[in-house]
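Just so you know, the protein sequences line up as chains A and S, in that order. Each residue of the first sequence is one higher than the one before, counting from 1 in our numbering. Each residue of the second sequence is one higher than the one before, counting from 1 in our numbering.
Please note that a few of the clues may not be correct.
As a list, the in silico DMTMM-like pairs of lysine to aspartate or glutamate whose alpha-carbon atoms are at most 20 Å apart [said to hold, decoys possible]:
1) Lys125(S) with Asp103(A)
2) Lys54(S) with Glu107(A)
3) Lys134(S) with Asp103(A)
4) Lys134(S) with Glu107(A)
5) Lys54(S) with Asp263(A)
6) Lys131(S) with Asp103(A)
7) Lys54(S) with Asp185(A)
8) Lys131(S) with Glu107(A)
9) Lys15(S) with Asp263(A)
10) Lys54(S) with Glu20(S)
In case anyone wonders, no lab produced these hints; they're calculated from the structure.
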Amino acid sequence: MSWTLLRATLRARRTSIMWYSVSLVAYSWLMTWFYPQIGGGQYAELIDNMPPEMLALFGGTEVDFATLGGYFQTEYLGLMWMLIVASAVIIFASKAFAGGIADGTMEFTLAQPVSRVRLAVTRVVALVGYIVLLAAASFAPIAIFGPTYDIELSAQTFWTLSAFGVLFMLAVGGIAMLLSAMFRDGGRAGGIAAGVMGVLWVADLVSNVSEAAEVLDPVNLVTYWQPGKIINGDAVAPEAWWIYGIVGAASLVAAVLVFRRRDVA
Amino acid sequence: MDVISTAGLSKFYGKARGIEDLSMCVPSGAVYGFLGPNGAGKTTTIRCLLGMLKPTAGEAMVLGEPVTLDGSALRHRIGYVAGEVRLFERETGRWHLDLVAGLRGSRGPLEAELLERFDFDPGRKVRELSKGNKQKLALILGMAHDPELLILDEPTSGLDPLNQESVYEVIEERVAAGRTVFLSSHVLSEVERVCDRIGIIRSGHLVAEEDVRSLLAKRLRHLQVTLAGDADESLLTGLAGVDSVARVGASGLTARVKGDAVDSVVKRLATTEVADLRITQASLEDVFLEFYRDAEGGEA
Numbered sequence: 001m002s003w004t005l006l007r008a009t010l011r012a013r014r015t016s017i018m019w020y021s022v023s024l025v026a027y028s029w030l031m032t033w034f035y036p037q038i039g040g041g042q043y044a045e046l047i048d049n050m051p052p053e054m055l056a057l058f059g060g061t062e063v064d065f066a067t068l069g070g071y072f073q074t075e076y077l078g079l080m081w082m083l084i085v086a087s088a089v090i091i092f093a094s095k096a097f098a099g100g101i102a103d104g105t106m107e108f109t110l111a112q113p114v115s116r117v118r119l120a121v122t123r124v125v126a127l128v129g130y131i132v133l134l135a136a137a138s139f140a141p142i143a144i145f146g147p148t149y150d151i152e153l154s155a156q157t158f159w160t161l162s163a164f165g166v167l168f169m170l171a172v173g174g175i176a177m178l179l180s181a182m183f184r185d186g187g188r189a190g191g192i193a194a195g196v197m198g199v200l201w202v203a204d205l206v207s208n209v210s211e212a213a214e215v216l217d218p219v220n221l222v223t224y225w226q227p228g229k230i231i232n233g234d235a236v237a238p239e240a241w242w243i244y245g246i247v248g249a250a251s252l253v254a255a256v257l258v259f260r261r262r263d264v265a
Numbered sequence: 001m002d003v004i005s006t007a008g009l010s011k012f013y014g015k016a017r018g019i020e021d022l023s024m025c026v027p028s029g030a031v032y033g034f035l036g037p038n039g040a041g042k043t044t045t046i047r048c049l050l051g052m053l054k055p056t057a058g059e060a061m062v063l064g065e066p067v068t069l070d071g072s073a074l075r076h077r078i079g080y081v082a083g084e085v086r087l088f089e090r091e092t093g094r095w096h097l098d099l100v101a102g103l104r105g106s107r108g109p110l111e112a113e114l115l116e117r118f119d120f121d122p123g124r125k126v127r128e129l130s131k132g133n134k135q136k137l138a139l140i141l142g143m144a145h146d147p148e149l150l151i152l153d154e155p156t157s158g159l160d161p162l163n164q165e166s167v168y169e170v171i172e173e174r175v176a177a178g179r180t181v182f183l184s185s186h187v188l189s190e191v192e193r194v195c196d197r198i199g200i201i202r203s204g205h206l207v208a209e210e211d212v213r214s215l216l217a218k219r220l221r222h223l224q225v226t227l228a229g230d231a232d233e234s235l236l237t238g239l240a241g242v243d244s245v246a247r248v249g250a251s252g253l254t255a256r257v258k259g260d261a262v263d264s265v266v267k268r269l270a271t272t273e274v275a276d277l278r279i280t281q282a283s284l285e286d287v288f289l290e291f292y293r294d295a296e297g298g299e300a
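Chain A extracted, bound-state conformation:
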């Protein structure tokens, strides 16, 4: 890993890092503030009147909607958070290699005495750092501002939610980074990664209303994303940790190995 390259990588993305982080802090604070405004009883009533297909759209049906976890899952973390953070992570990761090759800066960087593995590992570390930052910007405001609005998030819940969110986005970012190592164009890599996520989301949506589609659930990253259950104090299924961990680690290692052997100009 190269600290010089890490600083350069993060600096090159400073604008998007800042805007995504600030927006997530504001959005999380807004959703925390909003919870007592609508009141638990009214919210439960609202949810009861929704068709299950509509609820499925907001992030699965595994959580009791009339709870704090149900609120955060349906109103924020189940869909909107996933869309916002996945888009940020896919854009970041898809530019990791292909972006530099397309704009010519990779040629300049690799003309210096830095090995490809070192450069690739640095890009992976930058991605991990970015995801941790986005997770902190998402979940810390709930933990910090929550008590003001009668929302108590225990330390264990906060850390579990943060770790699970980071691992989920590492799996998403890993796929995007692998595609970035394979293609010359960051837009193409990002487009395919976004397409994969879109397919997984649709598959999850369909599986929530149709048993026939449940066959995809064991390998569907979106299906395992149940932040409401964590907020309600339920345990995360062990296979969810494994799936995210394996997809994330395998795709990031593969990205480094592919980049090590490819043409970079």
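Put chain S on the given structure of chain A with help from the hints.
Just chain S, lined up with the frame of chain A:
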């Protein structure tokens, strides 16, 4: 010792040929000019030498070490200036200098001197720089650490004559200090000015390696002479290295003259009264065409 040597180096992009079966040697302390038209394979060759492209076949040795895709230690000893300068547009020249210093472990010993010689302001962002100033920055970044081998791809592109001269002077000084330069160029006058030896590449093949003197001997000139009296083609016809002799008007003659025939032409003209004389260098394209005609037994 050869600083660069390749054996059967080939690179194909799918079915498209980049370079094929390229074997060449660049001796230590030389300035090697790598000549060829656009698309001939010059940049592909350079990228293979830098380990940016994986050769389809063959091998390359640089500074005594085999070139690999992950050869960071080797690149510590090489300075590279790309043909098409593409840097981080939102950052300043100073930021780039700091980045290179960070990656190389120290600031280049020639950095301050080069900044002064090229009269370059490192405080401006790259996107605000003209093409010539971007080229200056790329040159400073590539040469500041005083590398053992300088690989320059069209290094004076976009530079004004004064800065071109500065580049030539720096190259000559580096060579005098024992460094080696591999220079890709279209510009014959540039090659003449600084190179000792030349490799000519066409359609991915190295068609010849020549000393500069030898190439100059192949260089064509266009002769236009106006005599005081009536002109007659027989004045120049038959001279070795002279062809395409033609009369222009009553007293004018034109001809093509190879470099090593200039002396005999001037001596022949001295036998008569000359009113005007103009000798112009043929374009590099003409030199190539002539050279390739020779190399391929009459087919240009």
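| query | If you check each hint against the structure, which ones fail? | reply | Every hint satisfied by this model.
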